[in-house]
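Note that this note's numbering has the sequence shown beginning at 14, numbered continuously upward.
In case anyone wonders, no lab produced these hints; they're calculated from the structure. Positions of the beta carbon are idealized from the N, C-alpha and C atoms, including for glycine. Some clues are possibly wrong.
In silico DSS-like pairs for lysine-lysine, Cα to Cα no more than 25 Å straight-line [what the hints assert, rightly or not]:
id, residue 1, residue 2
1, K199, K111
2, K111, K139
3, K141, K199
4, K111, K34
Okay, the calculated beta carbon distance ranges per label pair [said to hold, decoys possible]:
id, residue 1, residue 2, range
5, K221, E190, 42 to 50 Å
6, H16, A211, 46 to 54 Å
7, E138, V72, 16 to 24 Å
8, C259, S189, 43 to 51 Å
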Amino acid sequence: MEHIYTIIGEHCIQVQSQSKKIIDWIRRNFTIIPASPSTPHLRVRLHEGYGVPFVNYEVSIKQEENNQIVYRRSDYLIVVDSDYREASISVHNELALKHAFMNLYSSFLVHTQWGLLIHSSCVIEKDKAYLFAGHSGAGKSTAAKLSNPRELLSDEATIVKITPDTITVFDSPFRSELSRSGSMEKSSLAGIYLLNQASSNHMVTLSKSDGFLQLVNKVFYWSHSLEETVNILHLLLDLAKAVTICELHFQKNDTFWELIS
14 MEHIYTIIGE HCIQVQSQSK KIIDWIRRNF TIIPASPSTP HLRVRLHEGY GVPFVNYEVS
74 IKQEENNQIV YRRSDYLIVV DSDYREASIS VHNELALKHA FMNLYSSFLV HTQWGLLIHS
134 SCVIEKDKAY LFAGHSGAGK STAAKLSNPR ELLSDEATIV KITPDTITVF DSPFRSELSR
194 SGSMEKSSLA GIYLLNQASS NHMVTLSKSD GFLQLVNKVF YWSHSLEETV NILHLLLDLA
254 KAVTICELHF QKNDTFWELI S
């Protein structure tokens, strides 16, 4: 059983697996660090050979009598303790491994009330982060590509630390198409832009309440308890209070940055 350590956000995660294929995937996609002298925030055991290829995004969730929480999809199985300190993930292939790790890490963030994993891309301009969210096909990856050569923190799943005073975005290993660019590990969040492709560029600033409502379905999360759902809502309220949220109607070119910066 090989042990390696990675950092996601501010969290040290110990990964264990007997599968060279799985360990190699982790090394390719995550920042590997030397063995941590302190206790990791989360220990994860990874196994292959589970289930069938991806069918759909539906995840069933069940809390067992021993307080373990089980997340099950056709191509992966997650079993995690109620404190989100020890977890086991069994997967069918690399796609399942990526989605399962996102599921587990998102649930860990909510449970610890550290922050959220948001379905979005995120770009740095003048040392500030700008997050682009929207419905499927709205243009999150397009906005990220058009923002080149600006530094990219995420193209699919953005890691957002939320406190009442500061909102910080971290480099995300959960990527879809675009590789990491630049060297910044994190940046303060300057704004959130809800994307709509249009024939001309214009922007509409939303009220705090409207912005909050628009973000609710942008969080990567699979609810299993009322308490965790309440945690998400509190985090989103803090986010909406701290950061300007706008609708961004944009042409398919980089001129939309004239409205932002």
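### Status of the given 42 to 50 Å range, CB of E190 versus CB of K221
violated (32 Å)
### Message
Looking only at beta-carbon atoms, does the pair E138, V72 fall within the given range of 16 to 24 Å?
### Response
violated (35 Å)
### Task
For the pair we were handed, K141 and K199, check the Cα-Cα distance against 25 Å.
holds (9 Å)
### Message
Given the hint of 43 to 51 Å, is the C-beta distance from C259 to S189 inside that range or not?
### Response
Cβ of C259 to Cβ of S189: about 23 Å, so the range 43 to 51 Å is violated.
### Query
Going straight from one Cα to the other, do K199 and K111 come out at no more than 25 Å?
holds (21 Å)
#### Entry: Cβ distance range 46 to 54 Å for H16 and A211, holds or violated
holds (50 Å)
#### Entry: Holds or violated: K111 to K34, with C-alpha atoms at most 25 Å apart
Roughly 13 Å between the alpha carbons, so the hint for K111 and K34 holds.
### Message
Run the distance test for K111 versus K139: straight-line Cα separation, threshold 25 Å.
### Response
The hint is violated at about 31 Å.
In the structure shown, a violation is registered for the earlier hints numbered 2, 5, 7, 8, in ascending order.
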